[in-house]
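Colleague: The chain contents come next:
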Amino acid sequence: MTYLTKPKFHHPSLPKNALGYTRRDYEAATSTLCAGCGHDSISAAIIEASFELAIEPHRVAKISGIGCSSKTPTYFLGASHGFNSVHGRMPSVLTGANLANRDLIYLGISGDGDSASIGFGQFAHALRRGVNMTYIVENNGVYGLTKGQFSATADRGSKSKKGAVNTDNAIDLVAMALQLGATFVARSFSGDKTQLVPIIKAAIAHRGAAFIDVISPCIAFNNHPGSTKSLDYVRAHNEAVNALDIMIGRDAITVDYEPGKVVEVTQHDGSVLTLRKLNDDYDPSDRLAAMNFLQQEAARGRIVTGLLYVDGEADDLHRHFNTVAMPLNQLNEPELCPGSKALDKINAGLR
Amino acid sequence: MGMKPTDISAPDYFHKVVDCQWACPAHTPVPEYIRLIAAGRYSDAYMINWKSNVFPGILGRTCDRPCEPACRRDRVEHEPVAICRLKRVAADYKDDIKDRLPKKASTKNGKRIALIGAGPASLTVARDLAPLGYDCVVFDGDTRAGGMMRTQIPKFRLPDSVIDEETNYILDLGVDFRGGTRIDSMKALLADGYDAIVVGSGAPRGRDLDIPGRKEAAANIHIGIDWLSSVSFDHIHSIGKRVIVLGGGNTAMDCCRSARRLGGEDVKVVVRSGFEEMKASPWEKEDAAREGIPIHNFLVPKEFLHKGGKLTGVVFERVKAEYDAKGRRKLVPAGEPDVTFECDDVLVAVGQENAFPWIERDAGIAFDEWGMPKVDKVTFQSTNPKVYFGGDAAFGPKNIIWAVAHGHEVAVSIDKMLHGENIAERPLPAVTVVNQKMGIHEWSYKSEIMPDQRYAVPHRDNATALSSIKAEVELGFDAKLALAEAGRCLNCDVETVFSAPLCIECDACVDICPMDCITFTENGEEGELRERLHAPALNLTQDIYIADGLKTGRIMAKDEDVCLHCGLCAERCPTGAWDMNKYFIEMTHAGPACR
Chain A
4 MTYLTKPKFH
14 HPSLPKNALG
24 YTRRDYEAAT
34 STLCAGCGHD
44 SISAAIIEAS
54 FELAIEPHRV
64 AKISGIGCSS
74 KTPTYFLGAS
84 HGFNSVHGRM
94 PSVLTGANLA
104 NRDLIYLGIS
114 GDGDSASIGF
124 GQFAHALRRG
134 VNMTYIVENN
144 GVYGLTKGQF
154 SATADRGSKS
164 KKGAVNTDNA
174 IDLVAMALQL
184 GATFVARSFS
194 GDKTQLVPII
204 KAAIAHRGAA
214 FIDVISPCIA
224 FNNHPGSTKS
234 LDYVRAHNEA
244 VNALDIMIGR
254 DAITVDYEPG
264 KVVEVTQHDG
274 SVLTLRKLND
284 DYDPSDRLAA
294 MNFLQQEAAR
304 GRIVTGLLYV
314 DGEADDLHRH
324 FNTVAMPLNQ
334 LNEPELCPGS
344 KALDKINAGL
354 R
Chain B
739 MGMKPTDISA
749 PDYFHKVVDC
759 QWACPAHTPV
769 PEYIRLIAAG
779 RYSDAYMINW
789 KSNVFPGILG
799 RTCDRPCEPA
809 CRRDRVEHEP
819 VAICRLKRVA
829 ADYKDDIKDR
839 LPKKASTKNG
849 KRIALIGAGP
859 ASLTVARDLA
869 PLGYDCVVFD
879 GDTRAGGMMR
889 TQIPKFRLPD
899 SVIDEETNYI
909 LDLGVDFRGG
919 TRIDSMKALL
929 ADGYDAIVVG
939 SGAPRGRDLD
949 IPGRKEAAAN
959 IHIGIDWLSS
969 VSFDHIHSIG
979 KRVIVLGGGN
989 TAMDCCRSAR
999 RLGGEDVKVV
1009 VRSGFEEMKA
1019 SPWEKEDAAR
1029 EGIPIHNFLV
1039 PKEFLHKGGK
1049 LTGVVFERVK
1059 AEYDAKGRRK
1069 LVPAGEPDVT
1079 FECDDVLVAV
1089 GQENAFPWIE
1099 RDAGIAFDEW
1109 GMPKVDKVTF
1119 QSTNPKVYFG
1129 GDAAFGPKNI
1139 IWAVAHGHEV
1149 AVSIDKMLHG
1159 ENIAERPLPA
1169 VTVVNQKMGI
1179 HEWSYKSEIM
1189 PDQRYAVPHR
1199 DNATALSSIK
1209 AEVELGFDAK
1219 LALAEAGRCL
1229 NCDVETVFSA
1239 PLCIECDACV
1249 DICPMDCITF
1259 TENGEEGELR
1269 ERLHAPALNL
1279 TQDIYIADGL
1289 KTGRIMAKDE
1299 DVCLHCGLCA
1309 ERCPTGAWDM
1319 NKYFIEMTHA
1329 GPACR
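Heads up: the protein sequence lines correspond to chains A and B, in order. If you want the working numbering, it's the position in the first sequence, counting the first as 1, plus 3. If you want the working numbering, it's the position in the second sequence, counting the first as 1, plus 738.
Hints are computed from structural coordinates only; laboratory data are not their basis. Some clues are possibly wrong.
[To be verified] Under the rule of at most 25 angstroms between Cα atoms (straight-line distance), these lysine to any residue pairs were calculated in the SDA-like manner:
| no. | chain 1 | residue 1 | chain 2 | residue 2 |
| --- | --- | --- | --- | --- |
| 1 | B | Lys1058 | B | Arg1099 |
| 2 | B | Lys1184 | A | Pro10 |
| 3 | A | Lys164 | B | Tyr1183 |
| 4 | B | Lys1184 | A | Thr35 |
| 5 | A | Lys164 | B | Ile1178 |
| 6 | B | Lys1017 | B | Ile1207 |
| 7 | A | Lys196 | B | Lys979 |
| 8 | B | Lys1320 | A | Lys150 |
| 9 | B | Lys1289 | A | Gly229 |
| 10 | B | Lys1136 | B | Asn1122 |
| 11 | B | Lys1184 | A | Leu7 |
| 12 | B | Lys1175 | A | Leu7 |
| 13 | B | Lys1175 | A | Ala223 |
| 14 | B | Lys1218 | A | Leu7 |
| 15 | A | Lys196 | B | Tyr1183 |
| 16 | B | Lys754 | B | Tyr1183 |
| 17 | A | Lys11 | B | Asp812 |
| 18 | A | Lys162 | B | Pro1312 |
| 19 | B | Lys1175 | A | Thr8 |
| 20 | B | Lys979 | B | Thr889 |
| 21 | A | Lys11 | B | Lys1320 |
| 22 | A | Lys11 | B | Ser1182 |
| 23 | A | Lys19 | B | Pro1189 |
| 24 | A | Lys19 | B | Ala1273 |
| 25 | A | Lys150 | B | Gly951 |
| 26 | A | Lys196 | B | Ala1273 |
| 27 | B | Lys1184 | A | Thr8 |
| 28 | A | Lys196 | B | Pro1312 |
Use the sequences and the hints to build the structure in full.
Modeller: Structure (structure tokens):
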């Protein structure tokens, strides 16, 4: 934690994106989280992804609940819209905002307490409705703000900083998301931005409910030898199934990959996700296999990361509702009150 | 394979990171004294300077400031810290520091040193050796000490009072100053049995220009440095209304500005080269421009015009610059008509050279084919082991700060030699390393980066300045401006020190670093590694700090180039793997420490 703001000076060779912004333009207030917090790395990854996608900051709404993770929207995309909502209620606030204005990019920022405990129901329903969003859980397995009690994602048998053993079963949010019908499901690690940044970019480009579980070690309360969410443990047990390159637009893929080593998924917006397979047998388009694989590897004590499932044909809530293309918050009286003749017509259809 | 871990215990490693100090020939601890100025501790700041560069008040007005182009602030914001003028602040606002100076030696060691010329080189040697008990005898043809600082630098840039003060600090150390005594025979001096002789007689001969009309118009053609010294000694009080100064160095700038004050109304500088390639420092060119003096470039003097023994003008040939395949510049005729400027007087400031007519060629001192003494670049010893050269006399014209640096080294050589030691073995600098952490978010230095642009030094208004040859033009920073300018210093001597065993590779430092200096990555060869750092490290003059021994087998690579020394890496580090340590690096001068 620092009282100083980050100096405005930047590296003389700092690149600019298509909008003329540097990565630094996507930053915000200096973090007040504990030094070394994994959440800060995730913020940095979101900043990098937004810069690389050349997102206009005013087209982003970042919505969060309560907790260490939910504080982080203050620390990235300072020029974007933000809503720090009630504990566990990010998904419904986000759903409402999305329905009112479908034109924005929605970043839902939550934590394991916010999503797997108090907001578990909200989490489930936002995913099953297919709200077009990027839902990021910054998952550290503990309640950091209240000094490190086990959260609902803490693995059974893992130890607290004081040595207490967790006797409850863990909620695997990735398994839940797959089951609930999220159309983009990934897991990553705050300590591996090479993997995390492309996943965030792909999730933002995905139309539909994109869910990313990011394991984010709590340096203050959950980075000790008995933890299964420490930097060392995750590095030692990380089973990355693929590495992701994302191509925006329909550019030809120039990198040469070995045949059979690549899976390509074209999304609605034309972005092409190129997945370099790290595990030859893993197929990210097979939801059932993904669920099986996750369970098997979890039983072996492995943490599966990468883009685990993506549905290139996904739809979102607006498509299900068949809403008009114009954002609802821009509809005015002429569109909303078409007049008595139109009403008569509707009434006639109901007789 | 790949780069070796950096040995940060080698004194040069972090010395290089303090760009200003590394660039200073005398290696003055610049950030340390700037912090003291910011704290209002002017006397302390002065003493740090005095120890390193001997003439802070003089250099704070006249230094060629190699530190400023080296300043890191220049690389991150385009304008260096006004280091030179901050030095003057320390000199201007200090209290009486006489009781902080070394004391006269209570007992003499019986060794006698002769120093020829009372300029910066000789005086530095005397300053270092006299307190150790050496009998130092300084000879100079002039009656007052200071050498070229006194004779060639106009008073409106450097008042006599400043020279008197700082030369007296040295002469009062028990130095035997024999002003008005010109040495005209090295052999005779050698016969006097001195234990060592130091030649610090400068580069006293101004180059002439042998073109048609030179002899006929001689009465109105003056050699720049001779003319400046005559002005300085009050022998010359006026010059013609129309004056041409030939030459593009700092002496030319001093000449034209002096001429403006002695009656020159139409004063112009004419230079062979282009404006950018002129040898004069940019700020001296600016000072001339401020006083309404035009500079004409790419004109080579061809002939002095005269009528009845009186100079009437100068004819110039127009040239242009051409570059050969190796990028070397050649001035070739532009093929345009010649240019003639009318004038009443000409000042020739086209360079100066060494002259040693008083050193007999059979005195045991070898000279090279260009008439320069053969001098060791490290020890400054000539081929006669008792005779040393320093300042402009050693390697030709440079500037005051180089003469001071030479003087310190000559003193070390003499001190070691007269203690029977090998003078080729040079002492390492003294380094102290101190942690700067005061609290969780508190450092002993001001780590916040101020966005301020460089502050300009106030000047006397032109009308008043031009009406006197002695009125100092620059007024110096006041305390408020000095504080603001000092705040621009990035504290490059407070170093980022990394401890791999403490690091948990959480990336907090990488994420917070405003300049993208830090990368955790696989090791590789330097050229290839530099390319793939978080921000490519393309400034090859700046080192990459490498540390290995991390759990993942990666290395930490930090590009020192544009690090702001803001300490955010250390502040965001959860384990204290990054720490901010102040490196105080001080050159070892003559005395027990050098032996």
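Colleague: Each of the hints needs a verdict: does it hold here or not?
Modeller: Tested hints:
Our distance criterion of 25 angstroms between C-alpha atoms is broken by B:Lys1058 and B:Arg1099, whose separation comes to about 42 angstroms. Our distance criterion of 25 angstroms between C-alpha atoms is met by B:Lys1184 and A:Pro10, whose separation comes to about 13 angstroms. As the CA atoms of A:Lys164 and B:Tyr1183 are separated by approximately 35 angstroms, the hinted pair breaks the 25 angstroms bound. Taking the CA atoms of B:Lys1184 and A:Thr35, the gap is about 20 angstroms. The hint holds against a cut of 25 angstroms.
A distance of roughly 23 angstroms separates the Cα atoms of A:Lys164 and B:Ile1178; the hinted pair therefore holds under the 25 angstroms criterion. Only pairs whose Cα atoms come within 25 angstroms are accepted, and B:Lys1017 paired with B:Ile1207 is accepted, the gap being roughly 24 angstroms. Annotation: proposed proximity of A:Lys196 to B:Lys979 is violated, straight-line Cα distance about 72 angstroms (limit 25 angstroms). The straight-line distance between the Cα atoms of B:Lys1320 and A:Lys150 is roughly 35 angstroms, outside the 25 angstroms bound, and the hint therefore fails.
For a cut-off of 25 angstroms, the pair hint linking B:Lys1289 to A:Gly229 stands: about 18 angstroms separates their Cα positions. For the suggested pair B:Lys1136 and B:Asn1122, the alpha carbons sit about 24 angstroms apart, so the restraint of at most 25 angstroms is met. As the CA atoms of B:Lys1184 and A:Leu7 are separated by approximately 11 angstroms, the hinted pair is consistent with the 25 angstroms bound. The hinted pair formed by B:Lys1175 and A:Leu7 meets the criterion: a straight-line CA distance of about 15 angstroms does not exceed 25 angstroms.
As the CA atoms of B:Lys1175 and A:Ala223 are separated by approximately 21 angstroms, the hinted pair is consistent with the 25 angstroms bound. Between B:Lys1218 and A:Leu7 the CA atoms are separated by roughly 24 angstroms; this keeps the pair inside 25 angstroms, and the hint holds. For the hint linking A:Lys196 to B:Tyr1183, the alpha-carbon distance of about 33 angstroms lies beyond 25 angstroms, and the restraint is violated. For a cut-off of 25 angstroms, the pair hint linking B:Lys754 to B:Tyr1183 stands: about 20 angstroms separates their Cα positions.
Using a Cα cut-off of 25 angstroms, the hinted pair A:Lys11 and B:Asp812 holds, with the two alpha carbons roughly 15 angstroms apart. As the CA atoms of A:Lys162 and B:Pro1312 are separated by approximately 21 angstroms, the hinted pair is consistent with the 25 angstroms bound. Distance check on the hinted pair: B:Lys1175 and A:Thr8 sit about 18 angstroms apart at the alpha-carbon level, within 25 angstroms; holds. The straight-line distance between the Cα atoms of B:Lys979 and B:Thr889 is roughly 24 angstroms, inside the 25 angstroms bound, and the hint therefore holds.
Distance check on the hinted pair: A:Lys11 and B:Lys1320 sit about 24 angstroms apart at the alpha-carbon level, within 25 angstroms; holds. Between A:Lys11 and B:Ser1182, the direct Cα distance comes to roughly 22 angstroms. Compliance with the 25 angstroms bound is thereby established for this hinted pair. Distance restraint check for A:Lys19 and B:Pro1189: the Cα-Cα separation of roughly 22 angstroms lies within the 25 angstroms cut-off, and the hinted pair is therefore satisfied. For a cut-off of 25 angstroms, the pair hint linking A:Lys19 to B:Ala1273 stands: about 13 angstroms separates their Cα positions.
At roughly 92 angstroms between alpha-carbon atoms, A:Lys150 and B:Gly951 are farther apart than 25 angstroms, so this suggested pair is violated. Distance restraint check for A:Lys196 and B:Ala1273: the Cα-Cα separation of roughly 15 angstroms lies within the 25 angstroms cut-off, and the hinted pair is therefore satisfied. About 13 angstroms separates the Cα atoms of B:Lys1184 and A:Thr8, which keeps this hinted pair within 25 angstroms; it holds. Proposed proximity of A:Lys196 and B:Pro1312 is supported: the alpha carbons are some 19 angstroms apart, at most 25 angstroms.
Violated hints for the displayed structure, listed by number in ascending order: 1, 3, 7, 8, 15 and 25.
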